[in-house]
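S.K.: The hints should help you fit chain B onto chain A, whose structure is shown.
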Amino acid sequence: MLQKTSPEIGGMGHSVKRKEDLRFVQGKGTYVDDVHLPGMVYGHMVRSPYAHARILGIRSEEARKLPGVLAVITGQDLEKAGLSWMPTLFHDKQMVLATGKVLFMSQEVAFVVAEDRYTAADAAELVEVDYEDLPVLVDPHRALDADAPVLREDREEKTNHIFHWEVGDQKATERVFQSAPVKAGLDAFFQRCHPAPLETCGCVADYNSATGKLTVWETSQAPHAHRTLFALVAGLPENNIRIIAPDIGGGFGNKVPIYPGYVCAVVASLQLERPVKWIETRSENLQSTGFARDYHMTAEIAAERDGKVKALRVKTLADHGAFNAAAQPSKFPAGLFSICTGSYDFSTAFCEVDGVYTNKAPGGIAYRCSFRVTEAAYLIERAMDVLAQELKMDPAELRLKNFIRSDQFPYQCPLGWNYDSGDYHAAMNLALGKIGYAELRKEQAEKRAKGELMGIGISSFTEIVGAGPAHTFDIVGIKMFDSCEIRIHPTGKAIARMGTKSQGQGHETTFAQIVAQELGIPVADVTVEEGDTDTAPYGLGTYASRSTPTAGAATSMASRKIRDKAKKIAAHLLEVSEEDLEWEPGRFFVKGAPSKAKTIQDIAFAAYTNLPPGLEAGLEAVHYYDPPNLTFPFGTYICVVDIDKGTGEVKVRRFVAVDDCGNIINPMIVEGQIHGGLTEGLAIAFMQEIAYDESGNVQGATFMDYLVPTAVETPTWETDKTCTPSPHHPLGAKGVGESPNVGSPAAFVNAVVDALSHLGVRHIDMPVAPWKIWRILKEKGIAE
Amino acid sequence: MAKRKLVHIKVNGRDHEAEIEPRVLLVHFIRDVIELTGTHVGCDTTNCGACTVLLDGRPVKSCTVFAVQAHGREIRTIEGLAANGRLHPLQEGFKEEHGLQCGFCTPGMIMSACALLEKNPHPSEEEIRWGISGNICRCTGYQNIVKAVQYAANKMA
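Each protein sequence line maps, in turn, to chains A and B.
Take the first sequence: its letter number 729 is residue 729 in the working numbering, and every next letter is one higher.
Take the second sequence: its letter number 49 is residue 49 in the working numbering, and every next letter is one higher.
Don't take each hint at face value.
Restricting the straight-line Cα-Cα distance to at most 30 angstroms, the calculated cross-link-like pairs of lysine-lysine (DSSO-like) are [unchecked claim]: (1) K5/B / K651/A; (2) K147/B / K19/A; (3) K392/A / K434/A; (4) K65/A / K147/B; (5) K158/A / K392/A.
Treat the hints as calculated values from the structure; they're not laboratory data.
With the rest of the complex left out, here is chain A (with noise of 0.2 angstroms):
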């Protein structure tokens, strides 16, 4: 059990407004464009117009000539210092500036160094890059065809297929099939999508001549990782590479990989010995950095005449584009994809999936998500709705009748996972009760009978967040523990630093939390300080909502390991034996006469000016924290939507999300990331998308064309919570961040459904754009 804390220390439950605010309202904060230096430069990229061309020849004279340009960049260059190619994160590698020929539309083909950024992008205007067409290849069903063009020359596999994956029994998953009386399932693509931080990428190289360090200020959600990359791929000693991730504006799994631009960055740095600031525009963004999902995906299943699961069997293609940059660290291809049974109870599972490269831009990043689990939870929570169409059963009865019931936890489900606490029922019976189910389906019924068009959508998901045990997960060999390191100043103040990286989720208020809660001392006391590899402990980095159950752990753990030391200083300066303490947030007391205590204040001065002979001073520690599972979060999201049968617009009436995320240790941070990847889920149900024309051209290169959604599309969403703490965390936490985003485009999708069952609708694709809803009334002959 987790002691109380007061609202003054503001442990664990409080809404302890952050401390990273006060900058970040005056406009204080330092992002990486706000990085300069003295003598700094500046890098712009030359890309690819083409999707697939080989390079005749590059001429950058004229560029050179240009005054202010200091160098041009090609992959010709690069070659001769063996830095052409650089390794992804998943076993494959991706050209940093392109040589032979280009196998995207915005691909990396040189970079130009100037005196200022106008000069530079100027510069790269009038570089002339030959390039001869080649076919393209943009249909990922197309890419086994005999007469698909094979895109890797450099690889000696002459194919497009990247992997095969699967998982399950298929035998035992075939028996029940044949034999069932009820089969449903869908075809469901899960567009390409793009995280798009509000900050783009970017960096600023910095190496010293002098001193052979080179520093570079990253937007990186993983700086250890990628300084060991660094070290591993220039050659560079890792201990004169420092990587600084400053403030960063935004992340959700786009700023995990490394770019061309970073690399490119510190080659010139170390060509011209100063320092070279490379900024993305959203153009170069959206189109050359890691997109999401591109999972062509088909599910059955095999059910019951009254319900009940009994088998699911889900195929799925991967489009990877022309690199495997899929930035996921498990040991399976298609990453926590087989989480795909969600919050059901069935028997047997069949899951396969095949990735291929076609002329797009690389990446499969978990936008938001734990590698591909949104797909997963889609494409499941889609899934039952289409069989509770087939069966002409409610389809929130028919999640009831088969969620994995409370006493079935820990859950060993039929792909692999054991499932760690969850009480489905609580939260699906909280979430209705809170949206009025009952009266909704009334109303809805009366509407149809109007001729109107109302919708109820549902979503139970299940989610799998805190990579991860060391068994499954590690990038480039490294196992994914992460750690925390807190020293207590003499005067009884902290600073804690973690192997993490916050983008917004509010690490400096959240886990001085945690130090809070363990030490007592208040949250206003400690600074918590992230990002920099010279100062902060190893560790793999913030993304997949494993900072909690990752950091969090080690930073309780770390937090306890000082407990102990403090107990026996405290002992001596009460002199008694440290059986006869007691432990009260702040203060370790005798028992019994609680009037004789000391507080962690007094025992960190004790701890560098009085100490029990033989004792090390100071007070700090370190925690590596390996978690022995993955923790599973879930809830049930239900939405209602009005569809205008003039224009096929959809409007968000209502949306009850209940979320059940462990202990919480900060509720408005909490509901806060709740309404984000709700927004974000939006999006993706009904606006994001990245298309790409018969040419490989990309449709979604701005803002006027990739949508995203303003205040004004966004609704007021309904939160509430359900509480089962994770048995094997420390704080008993989950990690909350990205439940909204995977649990909530199948209730949006459904919801549209839903509205348009009663007229054969079975599944509609996302985006779920107007026009898409209107073709289908035309159809149907009811548009107005």
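M.R.: Relative to the frame of chain A, chain B by itself:
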């Protein structure tokens, strides 16, 4: 390269004078020339509003204004809001109501809200949502931003 122009621009009450290329964007003048980095660039296409500043009291997206267009005029940026060590009610509202997460959109969002409240001191929720609809936030879902603006409106009433 076009001839450099001398511009006088008052920013947050202080006079600034600089010789710049006529093509220099106002946002680059603010960020690079006079080094006030609270104003951010998020999209380059006038969609996101991270670069919003007040030009003679009206909100403009400074990535789509040339610095020379601001010659002889007055700019207000996020750095000009807090006075005498006290936060502006909007800044206070954003902190109190958790109206920000990564903070990148926040300066532009606050400047838009500032213009809204100067024109309409008691906006309805819908008026607030339309008032900030030129500013994109990717983190908060806007709900707490609306509350932050309401907080400021109440405080300023």
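S.K.: Check the structure against each numbered hint from earlier and tell me which ones fail, lowest number first.
M.R.: 1, 4, 5
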